[in-house]
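Work the whole structure out from these sequences, hints included.
Line order of the protein sequences matches chains A and B.
Under this note's numbering, the first sequence has 300 at position 300, and the numbering climbs by one with no breaks.
Under this note's numbering, the second sequence has 583 at position 82, and the numbering climbs by one with no breaks.
Do not rely on the hints blindly, as some may be mistaken.
Claimed, not checked - Which bits of chain B does chain A cover? Going by a derived footprint, with three or more residues having C-beta under 8 Å, they are:
hint	region
1	669–675
2	815–822
3	845–855
4	1132–1144
As the list claims (entries may be wrong) - Here are the computed lysine-lysine pairs in the DSBU-like style, where the Cα-Cα straight-line distance is at most 30 Å:
hint	chain 1	residue 1	chain 2	residue 2
5	A	Lys225	A	Lys333
6	A	Lys397	B	Lys979
7	A	Lys366	B	Lys979
8	B	Lys885	A	Lys157
9	A	Lys225	A	Lys119
What the hints assert, rightly or not - Derived DEER-like restraints, expressed as beta-carbon distance ranges:
hint	chain 1	residue 1	chain 2	residue 2	range
10	B	Lys528	A	Ser288	47 to 53 Å
11	A	Glu484	B	Ala714	49 to 55 Å
12	B	Ala977	A	Ser256	49 to 55 Å
13	B	Ala977	A	Arg117	26 to 32 Å
By construction, these hints were calculated from the structure, which means they are not laboratory data.
Idealized CB from N, CA, C, for every residue including glycine.
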Amino acid sequence: MTTLTRCAVLAAAILVFGALAAPAQTYLDLEGQVHEFTLDNGIRFLVVEDHSVPVFSFRTVVRVGSAHEVRGITGISHLLEHMAFKGTSEIGTTDIKKERKAMEAEDAAFLALKDERNKGVNADPEKLAELEAAYEAAKDAAREFVVSNQYGEIVEKNGGVGMNASTWTDYTQYFYSMPSNRLELWAYLEGARMSDIVLREFYTEKEGPVTEERRMRVDNSPMGKLFMEQFQNLAFEASGYHHSTIGYRADLDNISRSDGREYYDRHYVGPNITIAVVGDVDAATVESFARKYFKNVPDGEYHEMETYEPDQLGEKRMNVAQDAQPLLLMGYKIENIEHPDWPVYQAIADILGQGRTSRLYTEAVKNQQKAVQCVSFAGYPGVRWRTMMAIMGIPAKDVSAAELEAIVDSEIQRLVDEGVTEEELAGVKQRARADFMRGLDSNNGLAGQLAMTHAMTGDWRHLFREVEQLEAVTVEDIQRVAAEIFTDNNRTVILSENLES
Amino acid sequence: MKTTHKTLMLLAAVAVVALAVTAAGAKEPWEKIKIPELNSVEMPEYERVELPNGMILYLAEDHYLPMIELSAQIMVGSIYDPADKLGLATMTGSVLRTGGAGDRAGDDIDALVEARGMEVETWVGQSTGGAYLNCLNEDVDLGLELLADILMRPQFADEKIDLAKSEQKAVISRRNDEPLQIAMREAPKVLFGPDHPLARHPEYDTIAAVTRADMEQFHAAYFHPDRMYLVVIGDFATADMKQRIETVFASWERSTTPLPADPEIPALPRTVNVAAKDGLTQATVLLGQKGIRNDHPDYAALRVGAQILGGGFSSRLFKEIRSNQGLAYAVGAAPGTGWRFPGTFMAYTITKNETVEAAAKAILAEIERMLAEPVSEAELQFAKDMILNSEVFSYDTKREILDRMVRFEMYGYQPDFLQQYQAAVKNLTPAEIHTACQNNWTPDDLSILVVGTPAEFDGDLSVFGTVNEIDITIPAPKPMLVIPAATAESLAAGAALMTALRDGSGGAAYGTLKSYREVDELNANIQGMDLTFTIETTVEKPDRMHVMQKTPFGNMTQVLDGDTAWTSSMQGTQDVTGDDLTDMKNQLLTTRFAILADLDAVQCQALAPMDVEGAACTPVNVTVGDESQVFFLATDTGLIRMIQDQSTNPVTRSPATRKVYVDEYAEMDGFQVPKSLRLVYDDEQFGTITVTSFEANPKVDPALFQK
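Written out as structure tokens, the structure is:
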């Protein structure tokens, strides 16, 4: 009966979409293959079976990122991502009871040191040295019980590949692929880190690798400094997008394990978690393992509060002179992914600055040879909250960022004044169809798209609607929205010029 | 005796069982989870085809998406770049795609590709090149047509070459911005030597030197079907696709000459190198030495050894440097195995400046430990589990499987190389790994490269050897002469400079000069022979010139007398007419004596200052009628340092930029005469000239101007 119904729906759909190119059939086909279930605690699972090779990929998306951080604990989402690889009460320890005790001592030593350190110039150097020594000793004592990297080792030993995670403003995601006979082991491992991390090596990790990562990605990278930090700082003041995911150095110094615990307990809750599993798995089996191994994740509440970034009163601009080649960053505030104009933003970004026929590339790179790259994208630095249409330009040799800005300005003005052609818009739609399909071309890719779409929009089906929504965009929509967003008052500009020139 | 033996054996068996029970009892929670038998891996069906023109196809059908993907590997690379045109291969790879092909302009191809949502790309890397097409199956004919045009009939339009050059120059100008990029660029130079084909990189001048003709030649030399391997996957019927591909590439011809021999990879002794960049709080540390090719007998053992040393979360380096010592975010080691060339065994970390030496020492200590004692059984078992349990991922996409088949075929490996490797891993012992590491890793030979801010380092690194400082300054481009439109200011400045030249090199004497005679000795190397010519020039103003050349092959005379001219030699006398006559007249009009005698008749435009061989100069573009030449006037003396014009190479007779450098002046008969000169065509020295005598207003024998 079920089968029959689905066939009938499919047949009807083919009739409806018959005028479109054949691919329409494929989206519908795939959409019907997504099994979904929600655990009692609210975790949403999405499963697609593909038995061609005995492997599977998964993607866990937790709806927590730097945008959810308040000042004082910036960088904590990313730090927790690192902590999720440090094991649980069962994995990574020689004796969890003794370890917890040692960690408590470590916390006390850290807090004492932190208090003294934060007295600044009034800190007592002697006491500081004493506390420093006590803290180091406490860290060493806690490390006694650590089985280093055991969590990752279990994955690797069992043939897991591509293990990694990333944190961004809107989310934290975890992923790897495994041979399909390790499905239950995976459920055990993933369920454990969603409910039972012990935040071991908390201080060593934030002072060592996380601080080094900040140095590598931000402090020692002229482009990273601007793109990863200053651009957000300048553009956003009220909303959580105002600071970078890597966090401020001072906050990293001050964050304590109890801050981490509180943050984890608040955000790693069922309604905040979406997990997609794609590959040689049986959906019913996934469900039974999920019920067994993820039951300890608290149901909690999904609470997300956006401090809506108010309208700018005028242009925000930063002129940077640094020992690096010039760079242009521009951003225009746009509404978030839930806004009906979201597909229009995507179309504008595509026509303006994506691909070899885009307007910025054609004018700045091809015609005037003033840039080697000039791209735009809608949704920086995030999609869940009020965000930006961002433009990044890399000037050609001996060209200043200011010169490139003038070209970008005139292209934007042309877009506002003249709009776009039907032909340009048709290209956007055709590219979107092809790109959508390319995104489905691997277990990992599909798992990522499903989980991310669900986490960001509240419904994974939007993945299959995006192309249709884009189909509905008209040249009039584009001109209307362009006029709305591309105003001087609405923009943020960073001009980074070479110190020497 | 017999009984005892039996009992012992039994005891041993019991012991083994008992141990197993104990182990099972102490099982960790995750070890209790059942791991069922893995479903078998089915090799996808594919077909290998060799086309009549030598192209190799690997085709596999995949009907999941209505798309087709073609991915070509081509035996071409920047290792074949001429030393003075580095960047040629890379730019050829990009202009193939952008510069137009067949009867379509590049922009038209872009428009087609973007409108259909296709992807079409070409590139040339260091030792291979490639082409890629991804399209909906309904667009496959157009896609194949574009791909064939691009690979076989590229146009290399000049404006797209300029664009590629602009991109390359931007890349060069930005190459010291990111520290990691500096390390990746400098490491091969440290390991193989700066001029090695795997180490060298473009500079502004090598990019500027590349011409359209170079690209056409490079394309003609390296792009042939018998050097191309094409993997085709997607929604098609194999026989039909094979036919389509054969048809579009049918007229492409095989190569006729073999590829140049692969460069040798040297095994250099240790050097310790620091590339300094100010203002960094973090340093990149690399340690490396020559590795092996993948068909080396130690391949499996070395890969597993490197895995244990520095591959991933569970490696010794990760645990020690990142987890235990907290020195770094990034740390690891690469086994140093390569498909085509021997690879580079390399360990790396990114750490703060203050722990550079400590981190390097810690890495070296871990490498030493690999050589001092065999790895533990547990470590080996872990590495084996990791490699063998993830084996299935070697077969998880068709693309991966077919790409691997291509790689094996391109570089001469057996098709079952991977299975052999996996079998070898299964049987490895700690002793074998130990021996393989000892055979190949010699810590004393590991060269060290650090990119950071040395003033902040925890040591000067001399503990590892004499420290070389690497200068990462980007060489400025050779100055290019730019002649903008003349302005009143630039003309006035030019006239002032030329007046100063006149006043400083003879002054009023130019005005009273009616005739002069100069004898030069020209020493030139022509086709391997050192030859000396004596040239005696007599000029009688306004329109008479007599030039006699004494050459090793006999004498030759050229005479200009007003509107007639002739040459005479052993072959007899011949009239000079037409363009040749005009040239001779122009030659007389454009001598510096003619120009300086009447500056009002000449347009002199000062250009932007420019050094000539380290001497500050102002170039002045001097135009007489249609003839222009640029006088480079030294800032300090005001005299000519060099004269540049467009001329003809005397040996090849092809157009060339001529530069005459003045190395020495002498006062002769009231003039500052350039006495010692060098003659250069297209930046190659042709010969030197010494002026042996100069006479102003000599007595001129009228017979000189009689035929």
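Outcome of the hint check:
no.	hint	result
1	669–675	holds (count 6)
2	815–822	holds (count 3)
3	845–855	holds (count 3)
4	1132–1144	violated (count 0)
5	Lys225(A) x Lys333(A)	holds (21 Å)
6	Lys397(A) x Lys979(B)	holds (15 Å)
7	Lys366(A) x Lys979(B)	holds (25 Å)
8	Lys885(B) x Lys157(A)	holds (8 Å)
9	Lys225(A) x Lys119(A)	holds (29 Å)
10	Lys528(B) x Ser288(A): 47 to 53 Å	violated (22 Å)
11	Glu484(A) x Ala714(B): 49 to 55 Å	holds (52 Å)
12	Ala977(B) x Ser256(A): 49 to 55 Å	holds (52 Å)
13	Ala977(B) x Arg117(A): 26 to 32 Å	violated (48 Å)
Hint check: violations occur at hints 4, 10, 13; the rest are consistent with the structure.
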